[in-house]
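Enquirer: Residue-level listing of the chains:
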Amino acid sequence: MKRIAFLLMLIATMLCAGCGPSSADTAALVARDATVSANATATMLEGMQSVALVLYRAEQEIQIQIAVSNGEGKDSAVHRVAVVRKTWEPVWDAFAKARLSYSVLVAVINDKNATQAGIQSAVTEQSRRMTTVTNELSIARSRVQGGIQ
Amino acid sequence: MNPIVLLQIIQAIVAAVPAVKSCIESICTQVAQAHGLDPVALIKQITEPAVQAVDASVDAEINARWPEP
Chain A
1 MKRIAFLLML IATMLCAGCG PSSADTAALV ARDATVSANA TATMLEGMQS VALVLYRAEQ
61 EIQIQIAVSN GEGKDSAVHR VAVVRKTWEP VWDAFAKARL SYSVLVAVIN DKNATQAGIQ
121 SAVTEQSRRM TTVTNELSIA RSRVQGGIQ
Chain B
1 MNPIVLLQII QAIVAAVPAV KSCIESICTQ VAQAHGLDPV ALIKQITEPA VQAVDASVDA
61 EINARWPEP
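If you're matching them up, the sequences are chains A and B in order.
No gaps in the numbering here: position 7 of the first sequence is 7 in our numbering, and each next residue is one more.
No gaps in the numbering here: position 45 of the second sequence is 45 in our numbering, and each next residue is one more.
Same shape as in the complex, but just chain A (with noise of 0.2 Å):
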């Protein structure tokens, strides 16, 4: 009886242990995932740049426009562009900082000694910089509506 139970026991440990991923399927897996997601990072990144640089070409047309209806010189016009410039820095640099982290998530995923908590970090950075992106050219959207309206 009790040599029945223990092959029992062994066989529910190998079904158990066959049951869930092995250690390298799951490194598989994680490497999949973070190049599906440098994949899209690149092409979302390149959208959402191009959209942005019509949205800050907009907004400083539109302090052009307000100079010119409200009858300035040239001096208040230049100002007007200069203050939306200054205003977009933040957007700017978001990007150069998202940039960077897709950079560095490519870097890892191409690293054969990367570790898999490495590559979901990497992966974490980069969802954070592109969130950044995204609020930034979000503010800059309402803020240029709000000017055309």
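No lab work stands behind these hints, which were simulated from the structure alone.
Just so you know, these numbers come straight off a predicted model, no measurement behind them.
Glycine included, C-beta positions come from ideal geometry on N, C-alpha and C.
Some clues are possibly wrong.
Stated by the list, open to error - Restricting the straight-line Cα-Cα distance to at most 27 Å, the calculated cross-link-like pairs of lysine-lysine (BS3-like) are:
# : chain 1 : residue 1 : chain 2 : residue 2
1 : A       : 86        : A       : 97
2 : A       : 86        : B       : 44
3 : A       : 86        : A       : 74
4 : A       : 97        : A       : 112
5 : A       : 2         : B       : 44
Claimed, not checked - Covered stretches of chain A, going by a simulated chain B footprint (3 or more residues, C-beta under 8 Å):
# : segment
6 : 49–56
7 : 70–78
8 : 100–114
9 : 136–143
Fit chain B to the supplied structure of chain A, relying on the hints for placement.
Expert: Quick look at chain B alone, frame taken from chain A:
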């Protein structure tokens, strides 16, 4: 090679072939890390040309609306 000239060449390549931007940014990150430079500043130097192009077009519009006497 003069670093400024090298930067201008890289900017010209990125402007002409946007598809290589990510690749060049990755190289810049590694170069910056290897030489103790600020990678964010280096990447901004590459992405800035698009911003500078917008600025230049706005400046041209201002000069056209308010020409020098």
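Enquirer: Now look at each hint and say whether the structure bears it out.
Expert: Outcome of the hint check:
1. A:86 <-> A:97: holds (18 Å)
2. A:86 <-> B:44: OK: residue 86 of chain A and residue 44 of chain B at ~15 Å, within 27 Å.
3. A:86 <-> A:74: Since the Cα atoms of residue 86 of chain A and residue 74 of chain A sit roughly 18 Å apart, the hinted pair holds (cutoff 27 Å).
4. A:97 <-> A:112: Measuring from Cα to Cα gives roughly 24 Å; hence the hint holds.
5. A:2 <-> B:44: Violated. Residue 2 of chain A to residue 44 of chain B sits at ~71 Å, over the 27 Å cutoff.
6. 49–56: holds (count 3)
7. 70–78: It holds: at least three residues are needed, and the segment 70–78 of chain A offers 4 whose Cβ sits within less than 8 Å of chain B.
8. 100–114: holds (count 6)
9. 136–143: violated (count 0)
Hint compliance for this structure: hints 5 and 9 are not met, and every other hint is.
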